[in-house]
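Read off the chains here:
There are 2 protein chains.
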Amino acid sequence: MALIVQKYGGTSVGTIERIEAVADRVIATRDKGNQVVVVVSAMSGETNRLIALANEIVDKPPAHEMDVLVSTGEQVTIALLSMALIKKGAAARSYTGSQIKMLTDSAHGKARILDILCGDMEKDLQDGNIIVVAGFQGVDEKGRITTLGRGGSDTTAVAMAAALKADECQIYTDVDGVYTTDPRIEPNARKLDKITFEEMLEMASLGSKVLQIRSVEFAGKYNVPLRVLSSFEEAEGSGTLITTEDDEMEQALISGIAFNKDEAQLTISGVPDKPGVASDILGPITEANIEIDMIVQNVGEDSSTDFTFTVHRNDYDAALAILTRTGDEVKARKVYGDNRIVKVSLVGVGMRSHAGIACKMFSALAEENINIRMISTSEIKISVVIDEKYLELGVRTLHSAFGLENDGNLASA
Amino acid sequence: MALIVQKYGGTSVGTIERIEAVADRVIATRDKGNQVVVVVSAMSGETNRLIALANEIVDKPPAHEMDVLVSTGEQVTIALLSMALIKKGAAARSYTGSQIKMLTDSAHGKARILDILCGDMEKDLQDGNIIVVAGFQGVDEKGRITTLGRGGSDTTAVAMAAALKADECQIYTDVDGVYTTDPRIEPNARKLDKITFEEMLEMASLGSKVLQIRSVEFAGKYNVPLRVLSSFEEAEGSGTLITTEDDEMEQALISGIAFNKDEAQLTISGVPDKPGVASDILGPITEANIEIDMIVQNVGEDSSTDFTFTVHRNDYDAALAILTRTGDEVKARKVYGDNRIVKVSLVGVGMRSHAGIACKMFSALAEENINIRMISTSEIKISVVIDEKYLELGVRTLHSAFGLENDGNLASA
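Residue numbers (this note's numbering), protein chains in the order written: chain Z, 1 to 413; chain E, 1 to 413.
Treat the hints as calculated values from the structure; they're not laboratory data.
Be aware that one or more of the hints could be misleading.
Copies of the same chain are indistinguishable here, so a pair counts whether it falls within one copy or spans any two.
[Claimed, not checked] Below are the DSS-like pairs computed for lysine-lysine, each with C-alpha atoms no more than 27 Å apart in a straight line:
no. : residue 1 : residue 2
1   : K123      : K142
2   : K101      : K123
3   : K142      : K101
4   : K194      : K221
Being a predicted model, the structure only gives us computed values, none of them experimental.
Throw the hints in and build the complete structure from the sequences for me.
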């Protein structure tokens, strides 16, 4: 008998009809001989309705009372889903974050999970009950209600799976799995059967927003097999399994292509090179609470140096103003930027042990006359910054160059 | 420094605007040097909205999950009221029934309070916080959410006041106090400054639905001074204080006139009188789960006996059918009934020590040719059953006969 944790998001429980459909799916899972713990979000629209009520009173409501308010959203869903399960003949019981003793720190609105004490829940599970848990919410050591922040229900599900040593944590969402890239850009994008935690982290943080990054980190840390599935498909698909690297399986060189359209690039060139110059330049940016993503430094002419970095596009104007001031101070030759760029990244654990990936990437882009403005590499990814207008062409070119559409890039390992 | 518990019902917190007005009133109470604990209901309409959601799934939802569902209504209100108080500069904190440790039995939907452990609440109160408590809800010894049933927020407020030994429990509602009778029937009805718990119980159970009976019983048992006030009046009225009998005050003979239009009368006459005949007659009625209110038995002709009793008007047809069968069995002379009757009651602790009240009541009605069909008396009330068509005339006649419109019936004590 396996123990399965399932998580259903807001759109999956957005109406009574969908809640009934979730109940059917949960019962089907149980009927295959599994124990089931279900984690649910608030019905879609409900959290925003509650936030709007609070904002009628005050623009920035106190975070601890905001948590008391919005946590009612999931509480409504657990009650309704439990009712639907009981109506269909299943033994079920709901648990709020406080009842499950999901202990968090006191950072209201973005609390971190410290422990799960489970309370009576494990006994109820052993007694044959389906356990229905409110996602997104917890309780601090003083007994005050906390929330984990947006997407926190994924984290709740993974944390429950880790605490209960579940065999699998299934995240039901409105897509049927993780794709090699965004199918809206590359129609030949292929659903992946399997991906590693590390790859998923790179894919997620680079813009493939299927899962919350924190929940993937959590799953990787506690080695909880995570599966992304669609809650809207009639037939039960197998989705995409996110798990640890498996030595015995054939390993794809490249798992997917992620991209990010929210960035802007800034350059300061001809800076007299001396120790501490990097922090002179980047310090004022971070002090203005602007987050920096990629950073590249080249040695330029005359033993001066060039810096290029990217920030969120919303921060572009502010960052350019700061950098211009800095340019005067450090006597740089030139400060300039561009906010019509995109970042495209190849992701794959297979590239660790295979040379030539970067070279193949660059030449594929060159063949299409796509100019690379910036390059950054890590163990399992290569990112390039290109002009925004080449986004679609670039993604499709790489997708095809690495044979992602037909699983053709297996390493000969 | 006094400790005041205030309770605001659903209409008093029905909109954000009204919640802001409640916050102003609470702060005004605090600014007079009081500690304040506020108990609130769900915003009006919210409980019904939640019940409708559940009924989309199933007609009779399991009571324990229903409690999880509907208790979110008050949780929303405590968060919003706390936000409004904090915005206006007051220190405030919300508490759910579970956080306040309002311990109840496990009778979901109609739980009874066993104890209030208060948790951190008393310390927060001492630290100068306004405490905002979710009414209507509690938690059983297993940590499951319970609700006290309709009107339970009044009971929560009284229980809080008893546990904290509050100086006064103020129930804010949409009327400005308890009246000598219903002003819609007698325009001269006068607001009472003071009434005893016992009188209030008789008034409430007889149809003046200002307060939940259970909360009045609770207040009387723990001797919590209870005040009914309007939350919609601009100026702060003093409402009606419900308290223990006060020997030193001038005592009114009659406090008010209650009436009940929901009853029907049944009679079985000419029953051969022998031991056990009362239970032969009434037994089948109670076995059918029909509640009996007044019961009168007269010795009739030929050592036979007549029984007359009243039931809720909804149960009239069923009760008449049962009584007709019983009539055949016990060889009664006749079985008949009338569902167009009303009960009118004089209530007043003063009548304990004063004779002649009943006589004055009967002759006042006789002067208006109002026929009395049934009489029942207790220590502090006299009830008569009359034809429905005489309701308004009867109430006005008695109101005037006992000088209730101008406080004219003080006992010379």
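query = Is it within a copy, between copies, both, or neither that the alpha carbon of K101 lies no farther than 27 Å from that of K123?
reply = Close inside one copy (14 Å) and across copies (23 Å); limit 27 Å.
inquiry  = Reference check for the pair K123 and K142, CA-CA at most 27 Å: within, between, both, or neither?
reply    = both (25 Å within a copy, 12 Å between copies)
query = Are the CA atoms of K142 and K101 at most 27 Å apart within a copy, between copies, both, or neither?
reply = Classified as both; 12 Å inside a copy, 13 Å across copies.
task = Can you give me the call for K194 and K221, within, between, both or neither, at a CA distance of at most 27 Å?
result = Close inside one copy (18 Å), not across copies (67 Å); limit 27 Å.
Hint compliance for this structure: every hint is met.
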